[in-house]
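If you're matching them up, the sequences are chains F and S in order.
Letter 248 of the first sequence, counting from 1, is numbered 257 in our numbering, and no numbers are missing.
Letter 41 of the second sequence, counting from 1, is numbered 50 in our numbering, and no numbers are missing.
Please keep in mind that the hints were generated in silico from the structure rather than gathered at the bench.
Do not rely on the hints blindly, as some may be mistaken.
[Claimed, not checked] Here chain F is said to cover these stretches of chain S; the calculated rule only asks that three of the stretch's residues, wherever they fall, bring their Cβ under 8 Å from a Cβ of chain F:
| id | segment |
| --- | --- |
| 1 | 123-135 |
| 2 | 166-173 |
| 3 | 202-215 |
| 4 | 226-234 |
| 5 | 241-250 |
Computed from a predicted structure; not experimentally measured.
Cβ coordinates follow ideal geometry from the N, Cα and C atoms, glycine included.
The chain contents come next:
There are 2 protein chains.
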Amino acid sequence: MAIRAEWIAVDWGTSNLRAFAMRGETVLAEATSDHGMSRLEKPEFGPALMALIGDWLGEGVTDVVACGMVGARQGWAEAPYSAVPSAPLAGNAVLVGGTDARVRVFIVPGLKQEKPADVMRGEETQVAGFLAKNPNWDGVICLPGTHTKWVHVSADEVVSFRTFMTGEMFALLSKASVLQHSVGEGWDEAAFEDGLSTTLSRPESIGAELFGIRANDLLNATPAAAGRARLSGLLLGAELAAARPYWLGQNIAVIGDAKLSEIYAKALKTQGGFVSVANCQEMTIAGLAAARNLLG
Amino acid sequence: MAIRAEWIAVDWGTSNLRAFAMRGETVLAEATSDHGMSRLEKPEFGPALMALIGDWLGEGVTDVVACGMVGARQGWAEAPYSAVPSAPLAGNAVLVGGTDARVRVFIVPGLKQEKPADVMRGEETQVAGFLAKNPNWDGVICLPGTHTKWVHVSADEVVSFRTFMTGEMFALLSKASVLQHSVGEGWDEAAFEDGLSTTLSRPESIGAELFGIRANDLLNATPAAAGRARLSGLLLGAELAAARPYWLGQNIAVIGDAKLSEIYAKALKTQGGFVSVANCQEMTIAGLAAARNLLG
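Excised from the complex, chain F in its bound form (with noise of 0.2 Å):
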């Protein structure tokens, strides 16, 4: 039987196209492609959309709830930022122009904060998820990727937030730079820990330690999984070093993929946190039904 969605969910990154069939906050299918911003010029967006959710729309036109990089400058249609503090879907939506009859696109606004400047797409509809679902709570929302977020909430509004780019990092540190000839797949616990206490008690040093990398593996032919699990350690390390003052003595939730998730809730429990973990697709589709609910 044909699916018919009652609206669609989609999470527009860089590099994904996420799409789900929604009846009320019910995901009856999904589907996705590599159709990311990135890869797109303004005139392809619809069609990638459309090509994605075509057979889950009926006679009527249908509502499209969109979040993530889709809305940026260089993306499909620009929906300017909010400032904090506001709640994280303070802004309007912004319905896009000259699309398909049969739907209505609205794109959701990401968050800007003016000092230190910092801005964040995609990373407030999660945050609006999590709300949704833990009524009342004030905390601190780490949401780890290429660009971790560090987000103060409380009284159900966004008070700062702060970008590192650890995941970025880690990406070029291991394939593109010299440190690639000594780290590879797999994976040493012990490793990560000893590269972790190192730079979160002195983060300065992790510019001498990454090199370490390196020597270790030409010395002591110290295993790639090693190298690896180091490599992650000390600049997660050096990250919690210096959000130390947003997870503090908080509540914290941890909101991303579930292996890398999982990595940082271990690391701020071993440093005392009150530390939750909540599920990342689950809390986007409940920030967008949200920001569908704004909608009227």
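Given the coordinates of chain F, work out where chain S should sit on it, guided by the hints.
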């Protein structure tokens, strides 16, 4: 008139091959190619060298003294590291077998440090050249580059050293990360100094400050020249903060590319350091001359 070299000095790094026709310590001619170690298989080293120096050879056998990554395991012939503390040229130069009969090729060994694990190849020759020109000099030598080295020298020996990946990080972040859109040509001295002082005083903040370059571009249209200078300042400040135990209160010499050395020297002077700058190529050649004298 054809040039006849008494001996030949060779600086053979990862990316480039530089040869100098020498008479004593006088450079008669020089030649350069992009046949760096990383581009050559073992049988290709000999021909790459002879293509550059063939015209300088006379009737007899000419000595060639080389330093750098040519002596790595993946290079032409491995020249095993000497362990510090040691004179920079303490290890025996390795005679390469099977070369063209008109030359004897020697490769200068690098240095290794057991704990914390670290290695160098090429910089030991520059340090030796500096000490040959500055007898009885004690202090710290900074050799900025892709992998910047800080070298503690006392009583004509290398006591300890530490490598920072600052140059490689700058290249990766400015060319291959999300910051590439916000880092362009040009320079903004105020942005450099602000970045430098930020991470010198709070090195752990670098993780968040890096993404701030992108955010300031998006929110405040900060020019790409300022982005470039700030990135440089942030990375250098973090390095100087981590290397503080090396340079604080010490006699400092900087040996490297002229422009980069000037940046390091200026930053160190703002911290009250006694800094002199030495020419990188001159030190390499002086070091290779010293290595030749040790051949006996």
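Given that the segment 123-135 of chain S was listed as covered by chain F, double-check it with a C-beta distance under 8 Å for 3 or more residues. holds (count 5)
Has the segment 202-215 of chain S got at least three residues whose CB is nearer than 8 Å to a CB belonging to chain F? holds (count 4)
Quick check: the segment 226-234 of chain S, covered by chain F? Criterion 3+ residues, Cβ under 8 Å. Satisfied; 3 residues make the cut.
How does the coverage statement for the segment 166-173 of chain S fare against chain F, requiring three or more residues with Cβ below 8 Å from a Cβ of that chain? holds (count 3)
Given coverage of the segment 241-250 of chain S by chain F, tested with a Cβ cutoff of 8 Å and a minimum of 3 residues: Since three or more residues must qualify, the claim that chain F covers the segment 241-250 of chain S holds, with 3 doing so at under 8 Å.
Violation of the numbered hints given earlier is absent; every hint is satisfied by the structure.
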